[in-house]
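Chemist: Here are the chains, one letter per residue:
Protein chains: 2
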Amino acid sequence: MPVPGGGQRGGSRRWPGVRAWLPVLRWLPRYSPAWLQLDAMAGLSVGLAAVPQALAYAEVAGLPPQYGLYSSFMGCFVYCFLGTAKDVTLGPTAIMSLLVSSYAFHEPAYAILLAFLSGCIQLAMGFLRLGFLLDFVSCPVIKGFTSAASVTISFNQIKNILGLQGIPRQFFLQVYEILRRIGETRAGDAVLGLACLAALAGLQVMKSHLPRVAHVEPLAARVSYLIVWTSTTGFANVLGSFVSAYPITGSFGRTAVNAQSGVCTPAGGLITGALVLLSLAYLTSLFYYIPKAALAAVIISAVVPMFDAGIFRTLWRVKRLDLVPLCVTFLLCFWEVQYGIVAGVLVSGVLLLYSIARPPVKVSKGDVLLVQPGSSLHFPAMECLRDAVCSHALAAASLPRSVILDCCHVSSIDYTVVVGLAELLQELRKHGLSLAFCSLQDPVLQVLLSADLEGFQHFLSREEAERCRGAEPGDGGAAPYTSTSESSLLPTGLIQ
Amino acid sequence: MPVPGGGQRGGSRRWPGVRAWLPVLRWLPRYSPAWLQLDAMAGLSVGLAAVPQALAYAEVAGLPPQYGLYSSFMGCFVYCFLGTAKDVTLGPTAIMSLLVSSYAFHEPAYAILLAFLSGCIQLAMGFLRLGFLLDFVSCPVIKGFTSAASVTISFNQIKNILGLQGIPRQFFLQVYEILRRIGETRAGDAVLGLACLAALAGLQVMKSHLPRVAHVEPLAARVSYLIVWTSTTGFANVLGSFVSAYPITGSFGRTAVNAQSGVCTPAGGLITGALVLLSLAYLTSLFYYIPKAALAAVIISAVVPMFDAGIFRTLWRVKRLDLVPLCVTFLLCFWEVQYGIVAGVLVSGVLLLYSIARPPVKVSKGDVLLVQPGSSLHFPAMECLRDAVCSHALAAASLPRSVILDCCHVSSIDYTVVVGLAELLQELRKHGLSLAFCSLQDPVLQVLLSADLEGFQHFLSREEAERCRGAEPGDGGAAPYTSTSESSLLPTGLIQ
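So the protein sequences, as listed, match chains Y and F.
Residue numbers in the first sequence follow the working numbering, run continuously in steps of one, and reach 496 at the last position.
Residue numbers in the second sequence follow the working numbering, run continuously in steps of one, and reach 496 at the last position.
None of these hints come from the bench; they were simulated from the model.
Each hint should be verified, as a subset may be incorrect.
Derived Cβ-Cβ restraints for the label pairs, each shown as a range [to be verified]:
{"hint": "1", "chain 1": "Y", "residue 1": "E336", "chain 2": "F", "residue 2": "A395", "range": "41 to 47 angstroms"}
{"hint": "2", "chain 1": "Y", "residue 1": "K362", "chain 2": "F", "residue 2": "M41", "range": "44 to 50 angstroms"}
{"hint": "3", "chain 1": "F", "residue 1": "T284", "chain 2": "Y", "residue 2": "Y354", "range": "55 to 61 angstroms"}
{"hint": "4", "chain 1": "F", "residue 1": "H431", "chain 2": "Y", "residue 2": "D387", "range": "45 to 51 angstroms"}
{"hint": "5", "chain 1": "F", "residue 1": "L130", "chain 2": "Y", "residue 2": "C120", "range": "36 to 42 angstroms"}
{"hint": "6", "chain 1": "F", "residue 1": "V175", "chain 2": "Y", "residue 2": "H106", "range": "41 to 47 angstroms"}
Glycine residues also receive a C-beta, built at the ideal position from the N, C-alpha and C atoms.
Generate coordinates for the entire structure from the input sequences, incorporating the hints supplied.
Modeler: Structure, rendered in structure tokens:
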């Protein structure tokens with residue numbers, strides 16, 4: 001998580017533990033009037049975006065509009081005290097609202113319970129330091145999920161733009177029903193909706209001509225994803241559930257607005273929160289009159305930029321295998337968003353495990369057979385290495401004199417690999433071949449020495465191994481570092 | 001799977017496809033009378049071990065004794081035609097019998113159905129080439145499982161040695177009941193059981209003084225485990241279910257007997273199978289009179305050697321982390337063998353994934369910050385690498401001039417890593433630092449070039465990178481291989 005600005009870094013070094021838990025202490029003692037103006041401006045900008053979005057996202061979640069506002073202000077206040085990145089804003093988002101809609105069944109009580117429970121789970125994960133689990137959600141899965149959510153949420157709003165009622169929630173049924181009943185479109189709704197969409201698109205085009213903070217989104221997106229799991233959002237969700245909020249998370253769009261407005265500290269959130277509270281106090285009676293078509297336009301213009309059509313082309317160019325988790329996630333998300341994410345994580349996990357079980361193994365044949373695993377040897381890779389060695393060493397018409405295993409890329413090995421290497425040594429010896437190791441990294445050498453393998457020989461470099469093993473046939477060669485039971489006999493210089 | 005003997009290798013090269021599917025064709029055309037004698041001797045030895053073991057294992061599976069023999073002969077015949085390793089024998093084993101007992105409920109019909117279904121699953125896995133899944137069962141899991149099974153099966157037989165009846169199947173209840181009712185021991189059973197145990201132990205000691213094939217078990221054990229999943233055993237199980245067999249697999253003990261008897265081809269299995277059929281034809285009426293205490297002694301002496309007490313000490317010495325899956329498997333197997341195996345595989349999978357998410361990263365600080373990932377960069381590792389670079393590059397009092405990422409151990413990267421590196425480049429540039437790559441392997445370089453990263457620079461070796469980046473501050477240095485959109489501009493010699 002980036003630390004806010006360079007300015008705060010040299011600050012007072014008292015109570016480092018308290019400051020780690022209550023990050024507001026890092027910047028509040030040094031708060032300057034100059035920052036106040038920028039923070040207020042940014043808070044106001046975010047607030048003006050947050051209020052209509054909150055109303056619109058409540059519609060996505062299938063809840064009355066005021067629940068969007070209930071969900072908006074707690075995140076602003078909590079993040080002001082506990083947040084570390086200055087430009088992140090917490091609140092209801094389109095994707096979280098979509099997920100909530102699957103479980104809330106148009107019943108606010110369920111949504112609030114969901115906020116409380118997900119907050120508890122996030123807090124527990126934060127305390128148990130399980131955030132690393134999020135590393136297993138790969139980029140293609142995130143891209144597939146956000147792109148599919150963008151399509152689903154946009155399409156979900158088409159019925160409001162067209163003024164159709166009683167359309168089912170499931171994507172495919174929705175497409176079918178909307179196409180079937182497109183004749184029932186209400187002209188007033190459609191005109192209002194399309195006009196709003198055009199106006200918002202016009203604003204987007206104007207904004208893109210303004211000077212802006214370059215490429216702030218990718219980083220912000222990543223940060224937002226990570227933040228879901230930190231105890232801050234956890235905490236905000238648990239507190240939020242006491243003020244009738246549904247689950248919230250970091251918002252891409254408003255975080256970008258915040259950064260572009262030049263926010264200095266998380267204090268901007270106070271202004272945003274206050275604006276939301278004011279709307280709740282004075283505007284609630286008007287919510288009934290907000291046309292659904294206008295909210296639909298707000299939602300569509302907010303989620304359409306999340307659809308990344310270029311990702312398919314990029315992955316085709318950069319790494320085709322990653323198209324598999326992308327497509328699986330993207331397609332299954334139309335069925336149910338949760339299933340899409342889970343399936344994507346599983347598919348990318350399987351591809352990861354397969355690549356670990358079948359690492360690249362370079363083999364160069366000659367008088368001496370040189371075998372070099374391209375990466376670390378984890379236990380599932382042992383069979384693959386053994387097959388590579390045996391198929392080249394034993395299947396050839398003319399047996400090589402000896403086999404050298406170049407372990408320069410191997411940074412760690414486990415017991416299964418040690419057993420596999422012991423069996424390999426034995427099998428090659430049965431066929432009159434010797435196996436020597438070279439370029440062993442220190443931890444690997446330690447493990448192999450402690451395992452006390454029968455006939456274990458190693459050399460400092462591949463050249464040395466080739467010189468010694470190439471010159472002398474079979475086991476009788478000059479074996480400078482042959483393992484014995486007394487490992488103390490080994491020259492200490494060997495353990496490089 | 002090892003090819004039988006060196007002798008058959010130079011044989012006729014006709015019908016390679018047929019020979020791959022029907023391995024009997026590899027050795028039958030070259031069968032010599034000299035082999036016949038050795039094969040017959042080995043087949044006889046295995047048969048003499050197989051008949052009493054089959055009767056005893058039927059008891060472990062909770063089935064009438066003749067079902068052990070039904071299960072024994074089909075494996076012998078099938079393996080003779082389809083087997084590739086000359087010394088493997090298929091048949092009922094102690095562990096498989098233990099697993100069968102959990103599902104058969106003393107009802108042969110269930111056991112036969114189990115054989116058919118597991119055979120179908122194994123055949124399907126063989127055809128779908130899912131054998132690589134077995135690579136994810138690590139050595140500590142196998143050791144923990146066999147050691148626990150050895151204890152469970154032995155203890156299961158204590159009640160028969162003591163002549164106690166009505167003891168429950170579950171391990172802990174069994175221990176409790178046997179201790180509670182030890183006073184009810186029947187003297188006749190106990191004397192017979194202990195005498196048989198002593199006799200078998202005596203034979204074991206005698207055998208260990210005979211010259212034997214050194215260390216044949218580890219390989220055989222591994223082969224046996226692998227063979228469970230090949231279509232051969234699949235096939236034998238499906239066929240076996242038609243002759244009232246329960247599930248079978250490769251047997252460690254009898255495979256060792258076979259190898260020690262000097263078997264030449266899988267034809268030895270014919271003799272073994274015939275011996276089993278003869279016993280079924282002429283000895284079935286006598287089964288009723290076999291004392292359970294004698295069978296218990298056969299079982300205990302067969303499974304006690306499977307308990308490997310030394311593995312705990314070995315793992316403590318060689319790789320302590322592997323004690324975790326070992327202990328989890330070992331302990332949970334006392335609850336239910338299946339749960340133990342599944343938990344062990346999951347635990348070793350989690351440790352594997354954690355080690356991939358947190359690879360070793362070497363960092364050496366100086367004028368130039370040198371960062372070297374110790375192994376390949378898979379997507380879960382990106383956060384860890386980014387943290388390592390940022391914490392060292394940005395948190396220090398004096399910022400280094402530039403950062404060099406030495407990728408010599410990185411054999412492949414995926415899209416998530418590419419995105420992470422792009423963001424890292426951008427973040428470092430925001431702080432006025434440059435990031436250069438060096439020692440890129442060809443596939444990695446191709447991926448990075450195709451991703452067209454902004455500000456991507458790379459050098460052939462670390463020395464070159466240090467020379468160039470150390471001499472020149474910031475971005476203005478001599479950057480020999482700066483990426484441009486036109487990758488054709490790159491010197492071809494660069495792609496090493």
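Chemist: Hint by hint, say whether it matches the structure.
Modeler: Hint check results:
Between E336/Y and A395/F the Cβ separation comes to about 42 angstroms, which falls inside the hinted range of 41 to 47 angstroms. Taking 44 to 50 angstroms as the suggested C-beta distance range, the pair K362/Y and M41/F conforms, at roughly 45 angstroms. At roughly 49 angstroms, the beta-carbon separation of T284/F and Y354/Y lies outside the given 55 to 61 angstroms, and the hint is violated. The hinted range of 45 to 51 angstroms is satisfied by H431/F and D387/Y, whose Cβ atoms lie roughly 47 angstroms apart.
A beta carbon spacing of about 39 angstroms between L130/F and C120/Y agrees with the range 36 to 42 angstroms that was offered as a hint. The hinted window of 41 to 47 angstroms between V175/F and H106/Y is violated, with their beta carbons roughly 56 angstroms apart.
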